[in-house]
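Listed below, chain by chain, are the residues.
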Amino acid sequence: MHHYLVTPSSYRYICTRIGLKKKSLITPDQYSRLLNMELPQIIRFIGESGYHEEVHTLSSAYSDIELIEHALTENLAKTYRSILSIAPGALRELAEQYFSRWDIENVMLILRGCQFHIPGDRIRAVLIPAGVLDPPALDHLLTLRSIHEIADHLSSWVHHDIISARITDGYRRGLFASLENELYLAYYDNLLSDARFGIRGGDVILPHLRFEIDILNIRNIFRLRAGSKVSDITPFMVSGGYMTPEDFQRLYGVTDREAFVSELSRAGILTILTEALKNLRCDENVCEADAADVVWRRWAAHKTPLYTVMLSVNTMLLHHLDGLARRHQFSVLPIISYLEHKRYEIANLRAIARGKQFGVNPDFIRQHLVM
Amino acid sequence: MSYLRDVRPTKSELLVLKTRLKIAVRSHKTLQMKLDGLIMEVTRLAPEVKAEYDLLRVRYRRVRHLLAPAYMIEGMLNMTIAAYSVESKTEIELSEKNLFGIRVPVITGSNVRTDLVDRGYGLLGTSLVIDDLADAYEKLVDAIIAYAGNAAALSHLIAEIERITRRVKALEHVVIPSLEKSIATITASREELEREERSRLFHVKKRWK
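Chain order of the listed sequences is A and B. Under this note's numbering, the first residue of the first sequence is numbered 352, with each subsequent residue one higher. Under this note's numbering, the first residue of the second sequence is numbered 1350, with each subsequent residue one higher.
Excised from the complex, chain A in its bound form:
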């Protein structure tokens, strides 16, 4: 593992390296070609691009769609771990914070597997070791027999306190869901505090993070309204966005169209939704009133927003991040931008492969791509 001093030159070095890596990602033209390929051709394509090592290693164990999924996941984990190995000083800390979402996913999966007696092999098959906890550490956790032992063995993990405090009383129904939510809240909290105070120049990612948090909250408020009867939603809202959890709590009870639209407009969410709808419909004439109408109809009917709209919102967020990264070329932004692009590249390839497996038409698959 390399260790660098956090100097402007080390930033320039890593940002240049990341810039080169970003250039090797799959382009929109290549996605268009992939949309017209069949599964074996897609396997060949990714086998000849940046995924050849994973495809060749796994081709004896898996075939077709499973091979693609496992190769993509393994490549994602490898890419993230390689970024960790080259990130210097405080940047590494920020990267660790950023990647700890995979650790949360893995730890929660292992806890559930242990509690519900799911065989270790089946859990191992769905772990994504893209975080700070490496495969040997995860393997060791899989051998433990109780959730208390797992919590004890995670003593060096950043979220150990939360896990040990919640697991003290043993398992009860709903524990894992609330623990998972708490871990994600802590994840965003740590990420924000690191961006604000932990790393020099980290504040440049704050606008992106705040937008992301707002979008996450607005998505979850729709989900809660559609599928739950809870009245207090603040435990599920992430703080740190432009809108506070209290704002969302107020919005949750809104049944008046004007009040709802003005709240969304005030938070700047309506502008993003309008752009997303414009991209989705390929229609420049879509205005804020149209977006407000679409969102309000779903809200009034207690339905979740259309996932294609949310995917289009993700594209907007990615463009927003790209814009910030271009403005701050030697900051953490190019790194975060690359990581997000990589994540969506994996998601896009998976969407194309799965779409082909289900036999859906290329235009439908294209709606599920974030590029």
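These aren't lab readings, by the way, just hints derived from the structure by calculation. All of these numbers come straight from a predicted model, not from anything done at the bench. Some clues are possibly wrong.
Straight-line alpha carbon distances no greater than 30 Å define the calculated BS3-like cross-link-like pairs of lysine-lysine that follow [as the list claims (entries may be wrong)]:
| no. | chain 1 | residue 1 | chain 2 | residue 2 |
| --- | --- | --- | --- | --- |
| 1 | A | Lys580 | B | Lys1488 |
| 2 | B | Lys1488 | A | Lys654 |
| 3 | A | Lys580 | B | Lys1438 |
| 4 | B | Lys1438 | A | Lys654 |
Pairwise CB distance ranges (calculated) [as the list claims (entries may be wrong)]:
| no. | chain 1 | residue 1 | chain 2 | residue 2 | range |
| --- | --- | --- | --- | --- | --- |
| 5 | A | Tyr603 | B | Asp1403 | 34 to 40 Å |
| 6 | A | Glu597 | B | Thr1439 | 34 to 40 Å |
| 7 | A | Ser383 | B | His1505 | 56 to 62 Å |
| 8 | B | Thr1439 | A | Asn636 | 44 to 50 Å |
| 9 | B | Arg1410 | A | Ala441 | 48 to 54 Å |
| 10 | A | Asp634 | B | Ala1395 | 45 to 51 Å |
| 11 | A | Gly604 | B | Arg1512 | 57 to 63 Å |
| 12 | A | Asp673 | B | Ser1459 | 47 to 53 Å |
| 13 | B | Thr1439 | A | Ser383 | 39 to 45 Å |
| 14 | B | His1414 | A | Ser383 | 20 to 26 Å |
| 15 | B | Lys1446 | A | Pro486 | 54 to 60 Å |
| 16 | A | Asp714 | B | Asp1467 | 33 to 39 Å |
Here a beta-carbon is modelled for each residue, glycine too, at the ideal position from N, C-alpha and C.
Here the structure of chain A is known, so what remains is to put chain B in place on it, guided by the hints.
Below, chain B without anything else, positioned relative to chain A:
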């Protein structure tokens, strides 16, 4: 083919046959009433089952429609993780009820529809397509349970109707006509014997004179 064979033309046999005819007529009337009742019940239940079947098909199509986007967005791994997270298990209870003397199954489910926050997966680590799919599957299971109970009851009733129809037809076209014919034959035979006896007595009396 005659229902009864080797009937002896005796008075006791005639009495037995008359009793059997009375029972057969009464049975035919009762079974016919039961058949009417069952047909009315089937007429009431069939549109319900049809509506439930249509709903089941709609919900199944919705699940199939959502399955492809869910796998496209979340992939096999996230779908598996979400599935492993589920804590509430659907329980299906099977009981029986009596309908016109027929025991039909009653299928009910509990924990079918769950609140989003009680499903077991965390809200912040999953996406809304998982919610949509979970919701669609819950609705599908709900429709399957409702359909299964009524469809099983309907098939029991139809089987019973077929059985009773066979009996009613057998009574109507075979048993009762056969008994009536036998009774008629015995009656005729007995009348013939009586006439012979009278004629014989007439000739004996004439010879004595």
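Checked hints:
no., hint, verdict
1, A/Lys580 to B/Lys1488, "holds (17 Å)"
2, B/Lys1488 to A/Lys654, "holds (15 Å)"
3, A/Lys580 to B/Lys1438, "holds (20 Å)"
4, B/Lys1438 to A/Lys654, "holds (24 Å)"
5, A/Tyr603 to B/Asp1403: 34 to 40 Å, "holds (35 Å)"
6, A/Glu597 to B/Thr1439: 34 to 40 Å, "holds (37 Å)"
7, A/Ser383 to B/His1505: 56 to 62 Å, "holds (57 Å)"
8, B/Thr1439 to A/Asn636: 44 to 50 Å, "holds (47 Å)"
9, B/Arg1410 to A/Ala441: 48 to 54 Å, "holds (53 Å)"
10, A/Asp634 to B/Ala1395: 45 to 51 Å, "holds (48 Å)"
11, A/Gly604 to B/Arg1512: 57 to 63 Å, "holds (60 Å)"
12, A/Asp673 to B/Ser1459: 47 to 53 Å, "holds (50 Å)"
13, B/Thr1439 to A/Ser383: 39 to 45 Å, "holds (43 Å)"
14, B/His1414 to A/Ser383: 20 to 26 Å, "holds (25 Å)"
15, B/Lys1446 to A/Pro486: 54 to 60 Å, "holds (57 Å)"
16, A/Asp714 to B/Asp1467: 33 to 39 Å, "holds (38 Å)"
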